[in-house]
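Chain by chain, the residues:
Protein chains: 2
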Amino acid sequence: MPAFANRMKSMEKSAAIIRKLFGAMNNKDIISFGGGAIARESLPIDLIREITQDILQKDTRGVEALSYGPVMGIADLREVVVEELLAPKGVVANPENVMIINGGLEAMNLMCQVFIDPGDVILVESPTFVHSAEIFDMFQAKCIPVDMDADGMVMDDLEAKIIAHKPKMIYAIPTFQNPTGRTYSRERRYQLAQLGSRYDVVILEDDPYRDIRYSGEELPPIKHFDQTGHTVMANSFSKIFSPGSRLGYVLASDDIIEKLADAKTATNSHTAMLPQIICAEFFKRGHYHAHHERLCDIHRERRDAMIQAVDTHFPKGTKRTYPDGGLFTWVELPGGINTTELLIEACSNPEVGVSYVAGEGFFKEGKGKGSNCMRLSFGAVTPEQIAFGIERLGKLIHSKLEHQSLMKTG
Amino acid sequence: MPAFANRMKSMEKSAAIIRKLFGAMNNKDIISFGGGAIARESLPIDLIREITQDILQKDTRGVEALSYGPVMGIADLREVVVEELLAPKGVVANPENVMIINGGLEAMNLMCQVFIDPGDVILVESPTFVHSAEIFDMFQAKCIPVDMDADGMVMDDLEAKIIAHKPKMIYAIPTFQNPTGRTYSRERRYQLAQLGSRYDVVILEDDPYRDIRYSGEELPPIKHFDQTGHTVMANSFSKIFSPGSRLGYVLASDDIIEKLADAKTATNSHTAMLPQIICAEFFKRGHYHAHHERLCDIHRERRDAMIQAVDTHFPKGTKRTYPDGGLFTWVELPGGINTTELLIEACSNPEVGVSYVAGEGFFKEGKGKGSNCMRLSFGAVTPEQIAFGIERLGKLIHSKLEHQSLMKTG
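Protein chains in written order, with the numbering used here: chain A, 1 to 410; chain B, 1 to 410.
Among the hints, erroneous ones may be present.
Since copy identity is lost for identical chains, a pair holds within one copy or between any two.
Calculated pairs, SDA-like style, for lysine to any residue (alpha carbon to alpha carbon, straight line, at most 25 angstroms) [stated by the list, open to error]:
(1) LYS400 <-> THR60
(2) LYS161 <-> GLU83
(3) LYS166 <-> ASP149
(4) LYS166 <-> ALA3
(5) LYS142 <-> ILE17
Calculated from the structure, these hints are not laboratory results.
Throw the hints in and build the complete structure from the sequences for me.
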C-alpha cells in the first residue's frame, strides 16, 4: 500500500491516547468519570420531538431541513448565536462573522487548515485538551506548553515563549478548562487579547463550557477584549443543547472567516441541516432560559457530589480544583501513584469498576509529567454513581499507598 | 494578521470557482441548471417525520440521537450500507470497514489527510468534479488530468501517467460522472482496479450517483474487482435519501479505515446522530425500495425532458452526453462560444434568467480547455422548467452564433 502522509506519523501517539480513551468510555459495566458529556437527564428530548414534528412538513421547513444549505450555516441560527449567546457575554458580533460547524472541535481543524503549515508553533496550556492536541499534531504543528496557575496561563512565561518561538497561534480554554476545570481571571483574559494583538499571534479561544456556570462570577470572553481581530472564538452547542447534534460555531474577523468558509467547503460542504433548524427553533421559541437553569442545577449538584466524595474518600495530600462550572475536576494524588497504571486496575478489577482519564496524556511535555494526575468528569454520572464510584476509587488509592508504605518499611 | 498557511494559496483559484458556483445557485429569480441536487419532490419528508416522532422518545432512541456517538458511525447504519447498498452491487464488505461520514465529500478530505503530502500526485479525470479538485488543491496535491472517452479514463494514457508521475492516488467517478454523466464500461472498471494493485496506487472511487440509475445495464463498482485493498469507495446518501442530512460513507481495507477514523476524530469527532438514526430506520423499516423507484421515475422524466429540450433548442453541431442515471448532461457547443462569458449574460439578462456550470472550471489543464462546454443539471428543476429554460438558453446561443456569423460576413 502507498505510504501514509507524514501527518499520520506525527499524530500516532495522540491518536492512540484518544482511541484508548474512547474505548474505555464504551464499557457499560463500569462507572465512567472519563468522557466529557453532559447529563443525559438534561437532554431536552421532548422539546426537540415537538419542534421536529412542526418543522418536518412540506409547508414549514421540511424541504429546507433535507436540502443542501449554505456553507456558513443557516441565517437564523447564526443570529441566535449573536443575539443570545454572544451579546449577553459582552461580545458584539455580526452574523456574517459567525459560521456554524459540525461540533465545536471542527473549529480547531479548520483553524489549522487556514493557518498551520508543518513546523508552525502553537502555544498550548499545560495541561491541554488531548483532542485538540491530536488535531494540532495531525497538522504537524509544534506544540509548546505554557505554564498555568489557578488564574490561567502565566503571562510572563507566555510572553517569553511568544518571543522565543514566534508562534502562529495560542490555544486557550479560558473557562472551566479541560482538563483542569480552572478559569482565567478577568485580568488574564485582557492580557491574553493584548498579547495577541501586540505580537501578531492568533488567539484561538475555545470556550465550550462557558455557558454552564453554576456558581461564581460571570467573566467576559477573551474576544470581548480583542480590538484587532486576532482572537477567534470557537464554541459548541454540545454542552448547552446536545452533543449528538454536532453543532458548534466559530466567530472570526472578515478575512479569517472567509478562509474558514473555504476550508469548511473543502471539508464537508456544510453542517447537517435538521440539527441546525431544530437548534435555532429551540432558541427562537424561548426554551433556552428554562433549559439552561435546569442544566445548571443538575450539574451543580453533580459538582458538589464529586467534590464532597473526593474530599471524603481520597487520601490526605490530594489536591483538587473547585470548578464554578463545566464538567471536570482535576486531581493530583500524593505518594507518587501512577494514574495510568492505576487506571488499568480501576477498570479491570470488578471490585472497583471505575474509569477516568489519566493525567499524562494532557501534557505535551511528556517525560511522565502529570503521571500522578487524573481528570474526573462528573457530567454523565448521577450523584449516587459519583458517591459509589469515588468511594471505590478512593479505597483502591488507599490500598496502593499502604502497599507502598509497606514496601518501604519492609 | 499572521500569514495564512500555504495550502490556502494553492486552493485560491478553485475556492473562487466554488464560491461563484454557490452564489449563482442561491439566486431564486433564475432557473438553475447549476447545482447537483435531487428533485425536492423526491425528499421523503413524511416518512422522515414519522420516523423521527418514533425515535425521539426517552424509551426508544432519543437519548442516543442526542448523545455523543462512535467515530465510525452507528452500527445499524453501517450494516444497512453493507447489506442493502454494497452486497446487491457485488461488493462483499464487513461493517467494520465502513465509516459513516458527514456527506460523501468528506471522504475526499479524509483520504487526503491520510495519504497526501504537499506535492504528491493525484491523477484525475478530464474533466473532473470541481469540489473534489478544490480539496486536492487545499492539500497541495499536484492534480494531473487523464484523458477520458465515452467508456471512462483511457487506460493507455492512465498507465503512461502512472509510470511517469508515480501518483499516490487516482480519483474516479465511474458512474454518471460529474460533470459529464458518463459511465465507465465494465472492462475499464476491471482494468482500473488491476492498475491500482499492480502499480501500488490507491483508487479513490467516488460513486454517489450509482444508485440513481433509471435506464441501461447495472455495472459492478470498481471495488468489486479489487483483490488487494487498493480501492477505497466513497459514497453518499445525498442522492438516495437527502442532501441536507450530510450523510455519506467510506469503505476501505483494515489499515486504511483505521487511519481514516483517526483523521475523522481529528476533524469533527463523529457525524451527527439524529440524521444517522433516521436514515438507518428508513432502510430498516423497508421504505427504501418504493422510495428508490419513485426517485428513479422522477429523474428519468427530467433526464428525458432535458435531452429532448437540448436536441430541440440547441444549435446544430451541439454534442451532448446521454446519461443512464444521475443528474447531469454535458454539452459541447459549436462555433467557439465561450460558456463562461455566456453564463454572465444567461444569468443577468432577465429575458434568459438561466444558470448552469461553465465547463472551464472542471478542467485541471487550464488554458481555456472546456471553454465551449457546460454542465446541465436536471435534478432540481421540473420538466416544465427544463423545457422553458433550455428554450431560452437555446435562443441566446443561437443569437450569439448569428452575431458571430454576421461579424465574419461583415
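We went through each hint and held it up to the structure:
1. Taking the closest pair of Cα atoms, LYS400 and THR60 never come within 25 angstroms of each other, the shortest separation being 62 angstroms inside a single copy and 43 angstroms across copies.
2. Taking the closest pair of Cα atoms, LYS161 and GLU83 never come within 25 angstroms of each other, the shortest separation being 36 angstroms inside a single copy and 55 angstroms across copies.
3. In this assembly of identical chains, the alpha carbons of LYS166 and ASP149 lie at most 25 angstroms apart only when taken from the same copy (23 angstroms versus 52 angstroms across copies).
4. For the homomeric pair LYS166 and ALA3, the shortest alpha-carbon distance between copies (12 angstroms) is at most 25 angstroms, but the shortest distance inside one copy (32 angstroms) is not.
5. Proximity of LYS142 to ILE17 under the C-alpha cut-off of 25 angstroms is restricted to the intra-copy arrangement: shortest distance 18 angstroms within a copy versus 33 angstroms between copies.
This entry does not satisfy hints 1, 2, going by the numbered hints stated previously.
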